[in-house]
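Asks: Listed below are the residues making up each chain.
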Amino acid sequence: MSFLLPLGLLALLALPIIVLLHLLRERRQRVPVPSLLLWAHLPRRIDGERSRRLPLTLLLLLHLLVAALLGFALGGPQIAGALAPDARHTALIIDTSSSMAATDGGASRFEQARQRARTLIAATSPGDRITLIAAGPRAQIVVSGEDPFVLTAALDTLRPGGVGAAINEALTLAEAALDPQFSRRIVVVTDGALPPQPARDVAVPVEWVQIGSAVPNRAIIAFASRPWGGRIQVYARVASYDTAPFNGTLRIVSGNQVLAEEQVTIAPNGETEISWTLPGGVETLRAVIDGRDALPQDDSAYLSVAQGRPITVILVSNQPAALRRALEVIPGVTVVATTPAAYATTSERAIADLTIFDGFLPDAWPQGSVLVIAPPPDSSLLRVTSDLQPLDAGAPLRQRGSTLEGLGFGGVVFNAVRRIEPPPWAEVLLASGDLPLILRGRTEGHEIAIWTFDLAGGNLTTRLAFPLLVARTVRDLAPPPLPQAVRAGEMLMIRPDPRATALVIRSPDDRRIEAPVASVVTLDTLIEPGFYTVEEQRGGATVLAGIVGVNAGAAIESNLRPQSAPPLRAPGNDPGSASGQHMIDLWPWLAGAALIVLAIEWVYVLRRR
Amino acid sequence: MWFGNIFSPKPQAEIPPLFNEAFLRRLERLSLQAQRTLRGRPSGGAHLSHRLLPTSIFSDHRPYSVGDDYRYVDWNVYAHQDALFVKLGEIEQDVTIHLLLDASRSMAWGSPAKLRAAQLIAGTLGYLALAHNDRLHVTSFDAAVRREFGPAQGKSRLIEMLRFIEQVQPGGETNLRSALETYARHHPRGGLLVVCSDLLAPEGLEEGLRAYPPPTWQTLVIHLLDPRELNPERLGPIELEDVETGKLLPLIIDDETIAHYRRNLAAWQRTIESICGRRGATYARVLSTWPLERQIIPYLRARQILT
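Note that the protein sequences, when read in sequence, are chains X and F.
Mapping the first sequence onto my numbering, position 88 (from 1) lands on 88, and the numbers just tick up by one.
Mapping the second sequence onto my numbering, position 136 (from 1) lands on 1136, and the numbers just tick up by one.
Please note that the accuracy of each hint is not assured.
[As the list claims (entries may be wrong)] Label-pair ranges, simulated between beta-carbon atoms:
#, chain 1, residue 1, chain 2, residue 2, range
1, X, Ala-11, F, Gln-1169, 34 to 40 Å
2, X, Arg-607, F, Glu-1239, 14 to 20 Å
3, X, Val-605, F, Leu-1230, 28 to 34 Å
4, F, Glu-1148, X, Thr-57, 25 to 31 Å
5, F, Gln-1169, X, Leu-56, 41 to 47 Å
6, X, Arg-608, F, Arg-1210, 22 to 28 Å
7, F, Glu-1148, X, Val-605, 41 to 47 Å
8, F, Leu-1230, X, Thr-57, 28 to 34 Å
9, X, Val-605, F, Leu-1248, 53 to 59 Å
10, F, Leu-1230, X, Leu-59, 44 to 50 Å
11, X, Val-605, F, Gly-1154, 44 to 50 Å
12, F, Glu-1239, X, Pro-126, 33 to 39 Å
13, X, Leu-59, F, Arg-1278, 48 to 54 Å
14, F, Arg-1278, X, Leu-56, 51 to 57 Å
[What the hints assert, rightly or not] Just a sample of chain X residues kept apart from chain F, beta carbon distances all over 12 Å, derived:
#, residue
15, Gln-29
16, Gln-181
17, Thr-249
18, Ala-350
19, Leu-407
20, Asp-497
Quick caveat, the hints were computed from the structure, so don't treat them as lab data.
Even glycine gets a Cβ: it sits at the ideal position worked out from N, Cα and C.
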């Protein structure tokens, strides 16, 4: 027997303490009598004699037993278990990428993989353990245990979907999850549709189970669009993974309307590219090829065309002309100009995505994002330590951050700059010496940028950098639009409006997914190909809805020809297993026994009352 | 929930009523043995008086004196002797029965409680008193006189009397002297006094009984004891708790202690018996576990307390 935490045995010091307490204060049983009249003058026995003797009562023995059991339990005792010497711990990695959904030999590859896994689970002996790992776009441990029913039930919940199988990540997870006290091994069940893997070492034996055969497949592996005047240019790339040439029709559909149709001919194992110029005014596009192949999921591609996100800007300035011009050329931006005096009564304050304060600041940050230009010295929101002062022309400018990347401030003269004490939530993006010029930060849910210079006091508004700086600042402050499309299982990052209280995603089969609102919401559950609707809600009402296309077509997943196993350097036998010897923890048994003894003591004490 | 009653007190076993009707009917054949010296009223009752009064059933004569009832003049004697004699005979009288019930906390001790035995005895004697048209007082006491019932006469007061006895609850400490002296001051006419008590008071019995001198009073002391008081268990090291005072006495109860205790108990009983003898009281020791009809009543009859 060994102890995992020998220091825990210090708890056994409670044993002499309990004996001492019983010696010091042995509580006699109290017996009521009608009167002490007849007992009062009896010859007393010497109490001291009794107190020096250990009172071996049942209660003392129970106390000692409980303390001893708990003391040993705290030491974490272990004994060499009666585990069978061939007890195994298997990490079962199942490829759940979209290529596993391909029909191959009458059943889908994933169903064949599941059947292999069931067979493996059924073949386990008592005491064997299995850790089930799903390798989709990301790898995750699904379940770990010995109960075949639990393992099979967890296996049945898996569905194929998503581009890419993170086999490397899954192997790392498996190595970490395998218990060295068992005989370990890793079983990978996959169709081999993997990107080229670098050679890697694996510490335990790996059994590579290849599923599927060479089945022909056609796929739309790229689909994109861009506005072209009032029209849309659409691009698609179609691949055929077949030994025979392919002739078929490629259609571009919007809703139920076919916008374009073209016959395509693809050489064996070749690709073709097609582009169209289509009329504008459509929200979504779907490309469909009549593949009639093993993997129908990649025969369609989805694209959201109208992805502009409208931005309402309130410009609070006494001289708004230059800023207004720069703002109005930004697509999707609506500018409402007002003066500081009239700002309090401006009705658009409630819907503003961005408020620009030029030489003025209210008492509190407004809703949405804020750009502050030349903040006044009497503001309660920012600590302005000096009035407008000219900038030392000789001091070099230091700029950082992606917002200002590539912007040239050469020749720009900042003649009137207010020195502010940078708040703790902001970082300086542009500074001259120790004088901050542009700051960026986030406080109390507000995205805030600060320009400390007065636009009227310099020549920035006449330089090329000005509209670029304004456009980048607006794009940086306002929530970005949704992407046109993502690959199935790809991480989709959404920066919702800071005022949104809920984010609701509706899947192609109209399932409702609610995501907790944060500054950046990350979704990796978009696996089914199709159009997903993303709704930003405030107070139960939808304030903005966008569409994202999710596509399963990818060269690596759509090529259903068997691939060779990646170069893995794994041992033939598990070198790390403890020769079949398994240590069994005794503390749960000891703690349970202590509880039982406590219950007995409780009953005994109650009975004595 | 099933565990909701774990810490709740155990339900008390239902206490049977003190008396039933059949028992009371059987009891009517008995009567309390009152001394003739007791002063009662000749208007009713079933106890013979030591006084001879004019009566139609006569056993003696005395010369006629002015004011005697002509109905009791023995005209046959007048015819033979030419002198007026009045017929004298024994009369029956009622007596006053005083039942004193010890309701101190020590009476609640025992299984069954000594108080219950005392209630049974008091109820029996009270019933006999009412059934034989005696005047009845029932009083509970501990350190002082607590509650009183009576005077009552006639069976019509039976239910009221039984209810009073049933409602006696154990209370404070025992003080025999104070309780007995107080009671005697309030009842100077005397009568038959029955004290039902465990007599567990350090002193005061002799002083208390001094207030009940014969022949005005006929006193009967029924000493209630629990069998466990006579034969305590061998419990080892324990702490005895006086249920009246709450005082604690650590002790080791072994054979030696029990032998000492028994000697103390015997001496104490002899002392009580001696006090009762000196004060003209009848002493009767009754165990609280004795069945009333099969053991207590035969015992009281054997002691000529009941006839």
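Asks: With reference to the structure, classify each hint as holding or not holding.
Replies: Evaluated hints:
no.: 1; hint: X/Ala-11 / F/Gln-1169: 34 to 40 Å; result: 52 Å, violated
no.: 2; hint: X/Arg-607 / F/Glu-1239: 14 to 20 Å; result: 18 Å, holds
no.: 3; hint: X/Val-605 / F/Leu-1230: 28 to 34 Å; result: 31 Å, holds
no.: 4; hint: F/Glu-1148 / X/Thr-57: 25 to 31 Å; result: 50 Å, violated
no.: 5; hint: F/Gln-1169 / X/Leu-56: 41 to 47 Å; result: 43 Å, holds
no.: 6; hint: X/Arg-608 / F/Arg-1210: 22 to 28 Å; result: 46 Å, violated
no.: 7; hint: F/Glu-1148 / X/Val-605: 41 to 47 Å; result: 45 Å, holds
no.: 8; hint: F/Leu-1230 / X/Thr-57: 28 to 34 Å; result: 29 Å, holds
no.: 9; hint: X/Val-605 / F/Leu-1248: 53 to 59 Å; result: 20 Å, violated
no.: 10; hint: F/Leu-1230 / X/Leu-59: 44 to 50 Å; result: 31 Å, violated
no.: 11; hint: X/Val-605 / F/Gly-1154: 44 to 50 Å; result: 56 Å, violated
no.: 12; hint: F/Glu-1239 / X/Pro-126: 33 to 39 Å; result: 58 Å, violated
no.: 13; hint: X/Leu-59 / F/Arg-1278: 48 to 54 Å; result: 51 Å, holds
no.: 14; hint: F/Arg-1278 / X/Leu-56: 51 to 57 Å; result: 52 Å, holds
no.: 15; hint: Gln-29; result: 5 Å, violated
no.: 16; hint: Gln-181; result: 41 Å, holds
no.: 17; hint: Thr-249; result: 72 Å, holds
no.: 18; hint: Ala-350; result: 54 Å, holds
no.: 19; hint: Leu-407; result: 72 Å, holds
no.: 20; hint: Asp-497; result: 51 Å, holds
Hint compliance for this structure: hints 1, 4, 6, 9, 10, 11, 12, 15 are broken, all remaining hints hold.
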